[in-house]
Amino acid sequence: MANATGRGDEPDGSAADGLPDADAAVVRGEERPSDRVPLNRERIVDAAVAFIDDNGLPGLSMRRLGTLLGVEAMSLYRYVRSRELLLDAVVERIVDEMEADPDVLATPEHGWQDYLQRLAHGVRRVALTHPKAFPLVASRPAEAPWLRPPLRSLRWVEAFLTGLQSEGFSDQATVEAYRAFTSFLLGHLLLEVAALGADLGPLDVVEDDVDTSLAPYPSVRRLKSPLREDHSAIEFEDSLEDLLQRLALIRTES
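Just so you know, we're using my numbering here: the sequence shown kicks off at 71 and counts up by one.
To be clear, the hints were calculated from the coordinates, so they are not data collected in a lab. Some clues are possibly wrong.
Claimed, not checked - Cut-off 25 Å, straight-line C-alpha distance, at most; resulting in silico cross-link-like pairs (SDA-like, lysine to any residue):
hint	residue 1	residue 2
1	Lys202	Pro288
2	Lys202	Ser289
3	Lys202	Ser152
4	Lys202	Gln315
5	Lys202	Glu246
6	Lys202	Ser240
7	Lys202	Glu167
8	Lys202	Leu130
9	Lys202	Ala285
10	Lys202	Glu262
11	Lys202	Gly233
12	Lys202	Ser223
13	Lys202	Phe254
14	Lys202	Thr322
These numbers come from a predicted model, not from an experiment.
Make a model of the complete structure from these sequences and hints.
Structural data, given as structure tokens:
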């Protein structure tokens, strides 16, 4: 039966769909749900990352995030003014996780190749930890729109550029290395997280049970079995080694 608010709210003050009803709580003379649950920006961003990890990006809304936190959605806007800014914060959180990785170095302490090896694997570990959230790193506007993903902060790009220059890279060689390194990482890791269920739109991986005739493509049909094998780790290592050799050549020629 509907209560005085004209809605079929539950006895605990939640709406029939399980969402906190702040207005009904106020009418009953109770505290708002957000007054009972301490909030801060860090907790909200952590919850958003967790939600995306579990459910994927398309389902994220301020309303559902509020439900996860046990508060009404409007209370979230005190800390994050919009869903778009929340997504920017999610990207920042994901990129910042590399700072907590003990294998990732801020400067090339053992040479530039060791530095880039560590950085590349740090980015990959982040991508594998948050495969459904990682595409945000490729699509969200960064602090400077011209920054290339997945190094999505001025701090990380600055460390990258100065690190290579300290190892003898010229300005031109440093920029070329930045472009090559980011293109390699983005291309490989987006394909890898797509295979782990990330929503990439047109880049989504086709389900195995889709019936596609391979009759017009005899080579594809003949090699179907090895083509479907997952050698992501080996391919990552081989491609990274090739990239480092290319950068060494760029450094020498410059």
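#### Entry: Which numbered hints fail
Numbers 1, 2, 4, 5, 6, 9, 11, 14, in rising order.
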